[in-house]
Amino acid sequence: MIFARATDIPLARDPSTRLVPWVIGFMVFLAILAVAGGVTLAGMAAGWQQGLTGSMTVQVPPLADDSDEETEQRVRQALEVLRRTRGLGEVNLLPSEDMVVLLEPWLGGGVDPDSLPLPRLIDVVIDDADDLDMDDVRRRLAAAVPGAALDDHQLWRERMVGFLELLQLVAWSVVAVVAACAIVMVVFATRSGLAAHRRVIETLHLIGARDGYIARQFQLHATRSAFKGSLVGALFGTGIIFGLLQMAHAMGNTASSLAVFGWQQWLILTLVPILGITITALTARVTVMQALSRLV
1 MIFARATDIP
11 LARDPSTRLV
21 PWVIGFMVFL
31 AILAVAGGVT
41 LAGMAAGWQQ
51 GLTGSMTVQV
61 PPLADDSDEE
71 TEQRVRQALE
81 VLRRTRGLGE
91 VNLLPSEDMV
101 VLLEPWLGGG
111 VDPDSLPLPR
121 LIDVVIDDAD
131 DLDMDDVRRR
141 LAAAVPGAAL
151 DDHQLWRERM
161 VGFLELLQLV
171 AWSVVAVVAA
181 CAIVMVVFAT
191 RSGLAAHRRV
201 IETLHLIGAR
211 DGYIARQFQL
221 HATRSAFKGS
231 LVGALFGTGI
241 IFGLLQMAHA
251 MGNTASSLAV
261 FGWQQWLILT
271 LVPILGITIT
281 ALTARVTVMQ
291 ALSRLV
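Residue numbers (UniProt numbering): 1 to 296.
Mixed in with the good hints there might be a few duds.
Label pairs and their computed distance ranges (CB to CB) [stated by the list, open to error]: (1) 156 <-> 131: 19 to 27 Å; (2) 89 <-> 266: 31 to 39 Å; (3) 242 <-> 46: 19 to 27 Å; (4) 176 <-> 66: 57 to 65 Å; (5) 250 <-> 289: 50 to 58 Å.
Treat the hints as calculated values from the structure; they're not laboratory data.
Even for Gly, the Cβ is constructed at its ideal location relative to N, Cα and C.
Sequences and hints are given; from them, build the entire structure.
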């Protein structure tokens, strides 16, 4: 087994490399959290954009001089216009009681919907966006129901998706910084090992050892250290993510729908420690080969 293979250079007793597994583990831990945040935000942005693209909302506010019956007549006219529009699917009038429930966090309980000039909301599902002329819908609504407002969520969607994409950029930037710091740390640790075992390396050269053989000694030691650290960091990182997901699901349907973490996301997370080990091993090998080439 590669992790049990003996080496000619006593790197395991080198004090400069004893902290490498801990540092690698911490880097993998941070990278897993950042990657988890990035893929979650990507899923949220895609889900919100898809959900809001297929729907729109029509508001029919009560006019100052209108009676309740006149307002209901305006609502019926708006429903008729929407149901006759090509490209639209389901058209549902939101009950006033549901609007009161939505306003309770701000107005408190016990609100009488008849005491407030609440607009009537119509939820519309877009069945065929290619066959839908949004400007024509607005003109027909304005002609049939003065004061009615159509909201296709485009402005809110663009702002929210843009904000989520910015957060994704921050998350991936954290991953890049963590990877860069890990590479720098491995380079310094490897150079310290080269300096500490210079005489052993010179002796190996004298008896015919090639640079590739010596580089494999450092690469094997770096792989062992990275494996230990990555395993610990991955366990802690995935444990925290699993706990956060359980908390999100316990909060209810809204939080759960925003915190969906499927097998694809878990698969991406399993690649983080593997990449950490690979980068560490390659960095150690390249560092040794470059250093030995200058000694020739």
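For each hint, the structure was consulted:
1. 156 <-> 131: 19 to 27 Å: holds (24 Å)
2. 89 <-> 266: 31 to 39 Å: holds (35 Å)
3. 242 <-> 46: 19 to 27 Å: holds (23 Å)
4. 176 <-> 66: 57 to 65 Å: holds (59 Å)
5. 250 <-> 289: 50 to 58 Å: holds (52 Å)
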